[in-house]
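Asker: Listed below are the residues making up each chain.
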Amino acid sequence: MGLKLQQSHHHSVAAKVNEQMGTKRGYTFIQANRAWIPKFLLLWVMVMAFLSIWIYKKMDADNKVRRKEVLSSMCDQRARMLQDQFSVSVNHVHALAILVSTFHYYKNPSAIDQETFAEYTARTAFERPLLSGVAYAERVIHSEREKFERQHGWTIKTMRREPSPIRDEYAPVIFSQETVSYIESLDMMSGEEDRENILRARATGKAVLTSPFRLLGSHHLGVVLTFPVYKSKLPLRPTVEERIEATAGYLGGAFDVESLVENLLGQLAGNQAILVNVYDITNSSDHLIMYGHQNQDGDLALLHESKLDFGDPFRKHQMICRYHQKAPTSSTALTTAFLFFVIFILVGYILYGAATHIVKVEDDFHEMQELMVRAEAADVAKSQFLATVSHEIRTPMNGILGMLALLLDTDLSSTQRDYAQTAQVCGKALITLINEVLDRAKIEAGKLELETVPFDLRSILDDVLSLFSEKSRNKGVELAVFVSDKVPEMVMGDPGRFRQIITNVVGNSVKFTERGHIFVKVHLAESTKPMVDAKAETCLNGGSEEGVLVSGARQFKTLSGYEAADERNSWDSFKHLVADEELRYDASINTTAADEASQNVTLMVSVEDTGIGIPLIAQDRVFMPFMQADSSTSRNYGGTGIGLSITKCLVELMGGHISFISRPQVGSTFSFTAVFGRCNKASFSDTKKSNAEDLPSGFRGLKAIVVDAKPVRAAVTRYHLRRFGILVEVASSVKIVASACGKNGSSCGSTIQPDLILVEKDSWLAGEDGGLSLRMLDWKQNGHVFKLPKMILLATNITNAELEKAKVAGFADTTIMKPLRASMVAACLQQVLGIGKKRQPGKDMLNGPSILQSLLCGKKILVVDDNMVNRRVAAGALKKFGAAVECAESGKAALKLLQLPHCFDACFMDIQMPEMDGFEATRRIRMMESQANEQMNGDMDEGSARKGEWHVPILAMTADLIHATYEECLRCGMDGYVSKPFEEENLYQAVAKFFKAKPISDS
Amino acid sequence: MLGLGADRLRADMNRLLAFLFHQGILDEQFLQLQQLQDESSPNFVSEVVNIYFHESEKLLRNLRSLLMDREFSDYKKMRIHLNQLMGSSSSIGAKRVRNVCVAFRAASEQNNRAGCLRALEVLEHEYCFLKNKLHELFQIEQQRVLAAGVRYPMQN
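Protein chains in written order, with full-length UniProt numbering: chain U, 1 to 1003; chain F, 1 to 156.
Note that these hints are calculated values from the structure, not bench results. Be aware that a few hints might be false.
[Claimed, not checked] No more than 25 Å apart at the CA atoms, straight line, and that leaves these computed lysine-lysine pairs for BS3-like: (1) Lys892(U) with Lys58(F); (2) Lys892(U) with Lys133(F); (3) Lys131(F) with Lys58(F); (4) Lys790(U) with Lys761(U); (5) Lys360(U) with Lys428(U); (6) Lys859(U) with Lys805(U); (7) Lys58(F) with Lys133(F); (8) Lys442(U) with Lys76(F); (9) Lys107(U) with Lys307(U); (10) Lys471(U) with Lys428(U); (11) Lys892(U) with Lys76(F).
Required output: the full structure, derived from the provided sequences and hints.
Answerer: What follows is the structure in structure tokens.
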């Protein structure tokens, strides 16, 4: 069923992911119309094709219009010229007519004869460029024919040069120009056209034209112009009869249109391009051609007609022009259209490309987004899974461990015990791993929150060191911690996480270090910089040259003399730090007060070891989870490699960063910074009370000399002693101390008279054994009143033989085993100096349910839980141990029951309760108590009646043993916690704290 | 004969318990509960378990009515009920019920109503199963006590 649930849960996750994606997927315009893009392209191409065709058409039409205009203007020009010329000629013929009438008829005898006429006309021929010749025919009536023939001496002939038949009247040519002399004596009335012409001319009195016909002689197409000549002056408005009557003769001229027009057009530009036809259109159905070819070639599509007016109203002429060649297709229009088409096709293609690219990119983007969402979901699922699984594993593991603990309590054979212990150790290791994984998952899920409570950094470091002291001592590795004095005593932060970081890093170092030292150093991050620059030599005792060469091996000025990876931690820089502090130490209280101005303090913690170091290739993945230097590492040293990655996360959560320097086979130095809050004085004193490991103050003012050739180590020792308020001098060798003491002794202690002399084992072994004791003897003999300084040997590990030797040499007092930590040093010093401190009743001695029974028997205990079953179970469990149990089902009920004064010895409080939860209830109870206490302090009598103050121990009952919950418990005034389903050991541990003093007296 | 019967009943009970443990219906907390039972409180376990049944049935009823409500949205209240049920279940060592509660709570934290309904069904099923088994167990226990009671004066 569980599996099913899990699945459904996954479904819901997937659904959620989809939803998320649906909302996230913002469709752009292009994206929405992606299917249309190729169609758009096609449409674009078509539109562009139409456009370019239209452009071509338009340009072509423009061309045509221009062409037409050109044609019409050319045509009109020609027509006008022809007309002008023609009218000039006509005018001249008119003039000739008047000349003939004037000189032939009005003069008697006639002033004109054939010769005169011929000459005159020949000389004025330039005036009539269009006329091939002119002639004058006289009107002869039949009755006068004989007379006329006689007079002229020739007979009238027809056009066919035959003697003319008898007619009413005749019009024989009497004068002619030389060019047309062949028509002399011909009767003009015999020709059809001429006759018609003559009749019309004399009726109208104007110049008239024939229709075009082949001219005599030249056989060119031509027209004949006929002018009437009148005998007498005509009346002002003559009638036709009057005109006919007055007619004396006719003047005619032949227009050789063909050649003349040819001439005329030859003078004009552009005559090659156009084709000109001149028509007589008197008969509108049958156009007679006057000029030009009848066969229609040239551009038939385009022609222009121009009217010609030759002065004869009866005749109508027109000129038609057309181009020789058809209009060439315009290349500019073609290229323009084509280029337009090409350019816009390209533009379209570019747009299309861009659109498809956008679509593609967006698709990719969406795909990526989807993948990212999926990856994130997977990551969350992974973290959830990890958290769930590790939580689920922890529960049975706790069962296993509990059962193993119970098993170990029973009677077991040694082999069985061994097996069970091994199983327990393994189980604990597994729990640690699971906790780490859980941490990691929590950090990744962002659920890990750091708390800020005041804590003592130094004691935490001491704790961590004591954890590893056994291991390091076995290995012979020196383990030391040094905290700069500038680091405030109490800082605000997460002590649990800080401890975890330190434990991880130091644990790693311990794991990988087989010789040399591990050195934890804490100082303010700000003070590192000036230290590096500081070149000022310090006033430390002991030449730095000493100890550089010992027994031929190169010694480094580090804690143990082994080379360390990071030179910055060696003595050269370290002494600046120490010296700096030395200077400040005197005025330390003032300066720290000044420092407290800023709210935060950044600490720089470095852990230096002389282990195997990290291979260069592995250095960049040190902080990656589950990465170890190589696969053989876990084989040789164990571990999962998750520790450092968690450490890194934690450090980053603390607002710092972690880095390391490592040299293979030399060692590594991990250093990290972390930001902590400063502690204000009020909370400082508060928490200090609850701090179990308070340093004894009984050593304040003592003087001590530390004999150590290694300055770093000496500084560490001094740091520890100084924490007790002991004044410390450092000497580099026993001899110096001895001589100094000797001198001082004789001069009655002008400088310090040491109460303690702490000698490092190495320094002691290095110096001659006898020397010291001799000196000491000397000293003793001097017989000063001062008590002798206590001799203490400091050692990391010591063999029994050495111990004996030490005792002989004078270290009878004690040996302090390293690593130094405050509580142990205090204990040793107390022992040595005999400052009394009664031993605490060791909790380690007590164990088992019988003890629990003795602890709880007769105690009145209040159980607060809203859950009836839980209440019943808890009550049952406590009753079993002999306690008198009362129950309350809510925080309010508990408050009522705990109204002062009451007689409860302890209270077990559930945390999760409706209405008022355990924290709140506890807070109120504590408030109540403190009010009562104040009152009590007011009147002392009552106070003395009830010993001490009101403070009922409140223990939280909780199902989840998260560290944060625990801290929360403590913060609201609880004294401890027990896990919900009661476990004996757990219960005992919690209860023992409060009832430890009482059982002996009670039972 | 009667003594043998008591032994057989004890064996039956142990088998049943072993089965319940094997199936993960109960866990070691139940054993601890049994350890709390002694002469001073001879019916401690059944007493506690009966309280548990009483409480749980109330809670289950509430949960069902909450979930059946059409405009249902009070996940918080549901979680409170679930926490209660979880706490009491882990107190008596009803492991499966507790685990289903965990899943239920997870579903309610996601406001997943369908999941909640499914989980509720599973929970009711598990609860009934547990109740039947525990009743069975108590019956055997009672018989055993009776048998032992019969035997008791004989031994004296």
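Asker: Output the indices of the hints that this structure fails to meet, ascending.
Answerer: Hints 2, 5, 6, 9 not satisfied by this model.
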